[in-house]
Amino acid sequence: MTAVFTILSDVCLVIGAVFCLIGALGLLRLPGFYTRLHAAGMIDTTGAGFLVLGFMIKAGLSLITVKLMFLLLFLLIASPTATHALAKTAWRNHHEPYRKEGTSSNS
Amino acid sequence: MKHAVYLGVVLLGTWLLWSGHYTPLIISFGVLSCALVVWITHRMDTIDEETVPLEHVLAIALYLPWLCGQVILSSFTVARIILSPKIAIDPEFVNPKMSQKTDLGEVIHANSITLTPGTVSVELHDNDILTHALTKKMADDVMEGSIDRRVGRLEGKS
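Read top to bottom, the protein sequences are chains A and B.
Its first residue numbered 1, the first sequence is counted upward by one per residue in the working numbering.
Its first residue numbered 1, the second sequence is counted upward by one per residue in the working numbering.
Just so you know, the hints here were simulated from the structure itself, not pulled from any lab data.
One or more hints might be untrue.
[Stated by the list, open to error] Subject to a maximum C-alpha distance of 30 Å in a straight line, what follows is the list of computed DSSO-like cross-link-like pairs (lysine-lysine):
| # | chain 1 | residue 1 | chain 2 | residue 2 |
| --- | --- | --- | --- | --- |
| 1 | B | Lys101 | A | Lys88 |
| 2 | B | Lys137 | B | Lys86 |
| 3 | B | Lys137 | B | Lys101 |
| 4 | B | Lys137 | A | Lys100 |
| 5 | B | Lys97 | A | Lys88 |
| 6 | B | Lys137 | B | Lys97 |
| 7 | A | Lys100 | B | Lys136 |
| 8 | B | Lys136 | B | Lys86 |
| 9 | A | Lys88 | B | Lys136 |
| 10 | B | Lys136 | B | Lys97 |
| 11 | A | Lys100 | B | Lys86 |
| 12 | A | Lys88 | B | Lys137 |
| 13 | A | Lys100 | B | Lys97 |
| 14 | A | Lys67 | B | Lys2 |
| 15 | B | Lys86 | A | Lys88 |
| 16 | B | Lys136 | B | Lys101 |
| 17 | B | Lys101 | B | Lys2 |
| 18 | A | Lys88 | A | Lys100 |
With the sequences and hints as input, model every part of the structure.
Set out below in structure tokens:
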């Protein structure tokens, strides 16, 4: 049984790490400010989410798991708020969004 | 009064879960500090439906698994876009409808949009949310309004 949980938590940790890596890659590859926000947002939802889930399975039924659950809950509220604050600031300051070539650029 | 009792119970429960030291002296410190916080909050007159969403807890607990599923699904879509040799995106701004009227409902709706990879809520208006979507498909999905319906149902439980 412990072997199952070990494998399950390792799988979650690897998935989380891979999503963090893809998010970082997207941050570099995507064009424009708003599109890069999507990649950054993926790091702190799916990436961090799977990592914390992996830690939770590793810790088993203990007070540490409860603390990790609270951590995940706070993360799910705080990270989209930060992303929203960045996007709203850029919008308020009339930041020019990236558009696909050939489409009109009137916003 | 109901909300004050509820706040006290939640604070005490959180304190017990986070402390991990269960000796009479430490526990009495915890009970005292929780009582102090409830008293200060009561004096500040900020205990109400907004700060203590008593009736929403169950509805939010039912809503979260659905949202997590959506987040994972669209994560794979965004990951595929990032990893493909030629990045095929068609970003645009859309205005999905927002029928929520309470602050809590609006925050849950806007945060759900941002949590889902591929869409970011940019600005909240009276009846809609200015949203940036990474592709046409994602813009269509957010315009379809399934988040709005579910958050509306959650909000209606109060």
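Against the structure, the hints:
1. With a CA separation close to 21 Å, the supplied pair B/Lys101 and A/Lys88 stays within the 30 Å bound.
2. Simply put, B/Lys137 and B/Lys86 have alpha-carbon atoms about 18 Å apart, close enough for the 30 Å limit, and the pair holds.
3. For the hint pairing B/Lys137 with B/Lys101, the CA-to-CA distance comes to about 28 Å; that is within 30 Å, so the pair holds.
4. Under the criterion of a C-alpha separation no larger than 30 Å, the hint pairing B/Lys137 with A/Lys100 is consistent with the structure, at around 14 Å.
5. A distance of roughly 18 Å separates the Cα atoms of B/Lys97 and A/Lys88; the hinted pair therefore holds under the 30 Å criterion.
6. With a CA separation close to 17 Å, the supplied pair B/Lys137 and B/Lys97 stays within the 30 Å bound.
7. Taking the CA atoms of A/Lys100 and B/Lys136, the gap is near 11 Å; set against the 30 Å cutoff, the hint holds.
8. Between B/Lys136 and B/Lys86 the CA atoms are separated by roughly 17 Å; this keeps the pair inside 30 Å, and the hint holds.
9. Distance hint between A/Lys88 and B/Lys136 is fulfilled; the C-alpha atoms sit about 21 Å from each other, no more than 30 Å.
10. For a cut-off of 30 Å, the pair hint linking B/Lys136 to B/Lys97 stands: about 17 Å separates their Cα positions.
11. For the given pair, A/Lys100 sits about 13 Å from B/Lys86 by alpha-carbon distance, which is consistent with the 30 Å threshold.
12. Restraint check for A/Lys88 and B/Lys137: the C-alpha separation of about 23 Å stays at or below 30 Å, so the hint holds.
13. Taking the CA atoms of A/Lys100 and B/Lys97, the gap is about 25 Å. The hint holds against a cut of 30 Å.
14. Between the alpha carbons of A/Lys67 and B/Lys2 the distance comes to roughly 27 Å, so the proposed pair stays at or under 30 Å and holds.
15. Simply put, B/Lys86 and A/Lys88 have alpha-carbon atoms about 29 Å apart, close enough for the 30 Å limit, and the pair holds.
16. For the given pair, B/Lys136 sits about 28 Å from B/Lys101 by alpha-carbon distance, which is consistent with the 30 Å threshold.
17. For the hint linking B/Lys101 to B/Lys2, the alpha-carbon distance of about 24 Å falls within 30 Å, and the restraint holds.
18. As the CA atoms of A/Lys88 and A/Lys100 are separated by approximately 21 Å, the hinted pair is consistent with the 30 Å bound.
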